[in-house]
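Since the structure of chain A is already known, use the hints to place chain B on it.
2 protein chains.
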Amino acid sequence: MLHIIGLGLNEKGISIEGKETLKKCKKVYLENYTVEFPYKLEKLEKIINKKIISLDRTQVESEKLVIEAKEKNICLLVYGCPLFATTHISLIEDCKKNKVKYKIIYASSVFDAIAESGLQLYKFGKIASMPTWEKNFTPDSFLDFVKENKSINAHSLILIDIGLSFKDALNQLIKGSKNKKFKLNNVLVCSQLGFKSKFYYNSINKLKKKKIKTPFCFVIPGKLHFLEEEVLEKFT
Amino acid sequence: MLHIIGLGLNEKGISIEGKETLKKCKKVYLENYTVEFPYKLEKLEKIINKKIISLDRTQVESEKLVIEAKEKNICLLVYGCPLFATTHISLIEDCKKNKVKYKIIYASSVFDAIAESGLQLYKFGKIASMPTWEKNFTPDSFLDFVKENKSINAHSLILIDIGLSFKDALNQLIKGSKNKKFKLNNVLVCSQLGFKSKFYYNSINKLKKKKIKTPFCFVIPGKLHFLEEEVLEKFT
Numbered sequence: 013m014l015h016i017i018g019l020g021l022n023e024k025g026i027s028i029e030g031k032e033t034l035k036k037c038k039k040v041y042l043e044n045y046t047v048e049f050p051y052k053l054e055k056l057e058k059i060i061n062k063k064i065i066s067l068d069r070t071q072v073e074s075e076k077l078v079i080e081a082k083e084k085n086i087c088l089l090v091y092g093c094p095l096f097a098t099t100h101i102s103l104i105e106d107c108k109k110n111k112v113k114y115k116i117i118y119a120s121s122v123f124d125a126i127a128e129s130g131l132q133l134y135k136f137g138k139i140a141s142m143p144t145w146e147k148n149f150t151p152d153s154f155l156d157f158v159k160e161n162k163s164i165n166a167h168s169l170i171l172i173d174i175g176l177s178f179k180d181a182l183n184q185l186i187k188g189s190k191n192k193k194f195k196l197n198n199v200l201v202c203s204q205l206g207f208k209s210k211f212y213y214n215s216i217n218k219l220k221k222k223k224i225k226t227p228f229c230f231v232i233p234g235k236l237h238f239l240e241e242e243v244l245e246k247f248t
Numbered sequence: 013m014l015h016i017i018g019l020g021l022n023e024k025g026i027s028i029e030g031k032e033t034l035k036k037c038k039k040v041y042l043e044n045y046t047v048e049f050p051y052k053l054e055k056l057e058k059i060i061n062k063k064i065i066s067l068d069r070t071q072v073e074s075e076k077l078v079i080e081a082k083e084k085n086i087c088l089l090v091y092g093c094p095l096f097a098t099t100h101i102s103l104i105e106d107c108k109k110n111k112v113k114y115k116i117i118y119a120s121s122v123f124d125a126i127a128e129s130g131l132q133l134y135k136f137g138k139i140a141s142m143p144t145w146e147k148n149f150t151p152d153s154f155l156d157f158v159k160e161n162k163s164i165n166a167h168s169l170i171l172i173d174i175g176l177s178f179k180d181a182l183n184q185l186i187k188g189s190k191n192k193k194f195k196l197n198n199v200l201v202c203s204q205l206g207f208k209s210k211f212y213y214n215s216i217n218k219l220k221k222k223k224i225k226t227p228f229c230f231v232i233p234g235k236l237h238f239l240e241e242e243v244l245e246k247f248t
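Protein chains in written order, with my numbering: chain A, 13 to 248; chain B, 13 to 248.
The following block holds chain A by itself, in its conformation from the complex (with noise of 0.2 Å):
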């Protein structure tokens, strides 16, 4: 059987449920590419008392896990919440397809802790993300989803690429917004969620002033609520 993990934010985020469902299994693999920890794994091996064996994409992409899953109990620990990328949608089917068992357990994803900005969850648009920019690619689409939810007063969450640092992150968002000829006001930046969260709300000039540590994401407000902004205000 293939029991998919959430790991949620920090790393006593896993829930009752994960942590039983770990003492029966016999290989604990970890999806270890879409996100940076923000925290030492040895830590998260001492909490959960198991070894953890790290993935790469092409490793957990494979059937490889699915077929292991066939004989023994196995599962795979997902940072945030186990089905926010595609790929783990994908496991899920090949399982139906070999026909071998499989559970989900449900842990807090990033977008849970964002309600602790004082913006409202209910008023979020799609979700952007931001990949890393090379010499000769410089996508910049997810504005395309930001002006999308402006459309319609919403909210927008940009996720950044592994890897990306603050300032490169924020280059790019300036970059993409000049190409796109979307105005940037205030912009609200969120590190470390659900571990050691703080929020940064303020103008690119005065956000390019502060150190931010990773990970970390943005969100360019829609139309705020009085009560939103009240909280938001805080911030900067």
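Keep in mind the hints are simulated off the structure, nothing from the lab. Worth double-checking, as some hints may not be accurate.
In this list, chains with the same sequence are indistinguishable; a pair is considered to hold if it fits within one copy or across any two.
To be verified - Calculated pairs, SDA-like style, for lysine to any residue (alpha carbon to alpha carbon, straight line, at most 20 Å):
#	residue 1	residue 2
1	LYS35	LYS162
2	LYS108	GLU240
3	LYS84	LYS190
4	LYS193	VAL78
5	LYS108	THR248
6	LYS39	LEU171
7	LYS108	ASP68
8	LYS113	LYS246
9	LYS187	ASP68
The structure presented is a predicted model; accordingly, all values stated were derived computationally and were not measured.
Coordinates of chain B only, in the frame set by chain A:
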């Protein structure tokens, strides 16, 4: 200190951090008015090994909790994600105002568990809530959100008021759609998400014949990717 602790979606959905924190709390309160629990509270009491005191809306919204938290460690348990409801954000603001320490301990939300339907979480728009209709009060503004989301091809999650049966909720959806001139195609119904998750994807007429357990929610899909469609079709 006030600890606002998410319970996740089943009786073992609380995080290790949450369970550890409970040990030091003198009083354990529960927000018990925005959701219908899919399990017995006695079961939860056994698992966390604490007596739970249920609170209604006025008790959570009064300053009672914050004042009590000045003097001792107490906690408020919240089903799912601890900050989904606006009320709980206000509690944090009250803490700040009264210089009372607080901590949020996250857990999974209904929104995280919807991913098991195969719909991509990235593509959801604003979240709507369907209230219970009364004789002379039949608000259908939840469909305005759906229309807005449709305009940007986003999926719409409609949360359902506590106490509303599946039959009544479906009727409200049908009547509301007529009023708003909104064409209802196939609807996804998600029942007992993250507890004993079940999905139904069908036309309104076919859904009418289904017996669906509470709690449940609706999803009105936006533009479907073929991979999403493939998974949804298995729920017809």
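Okay, the hints, checked on the actual structure:
For a Cα distance limit of 20 Å, the shortest separation of LYS35 from LYS162 qualifies neither inside one copy, at 46 Å, nor across copies, at 44 Å. When the C-alpha separation of LYS108 and GLU240 is checked against a cutoff of 20 Å, the pair qualifies only between copies, where the shortest distance is 15 Å, while the shortest distance within a copy is 43 Å. In this assembly of identical chains, LYS84 and LYS190 lie within 20 Å of each other by CA distance neither inside one copy nor across copies; the values are 53 Å within and 52 Å between. Taking the shortest Cα distances, LYS193 and VAL78 never come within 20 Å of each other, neither inside one copy (46 Å) nor across copies (46 Å).
Taking the closest pair of Cα atoms, LYS108 and THR248 come within 20 Å of each other only across two copies (16 Å); inside a single copy the shortest separation is 49 Å, beyond that limit. Taking CA atoms no more than 20 Å apart as the test, LYS39 paired with LEU171 passes in neither setting, with 30 Å inside one copy and 37 Å between copies. Within a single copy, LYS108 and ASP68 get their C-alpha atoms no closer than 23 Å, and across copies no closer than 42 Å, so neither meets the 20 Å cut-off. Proximity of LYS113 to LYS246 under the C-alpha cut-off of 20 Å is restricted to the inter-copy arrangement: shortest distance 16 Å between copies versus 48 Å within a copy.
Within a single copy, LYS187 and ASP68 get their C-alpha atoms no closer than 31 Å, and across copies no closer than 49 Å, so neither meets the 20 Å cut-off.
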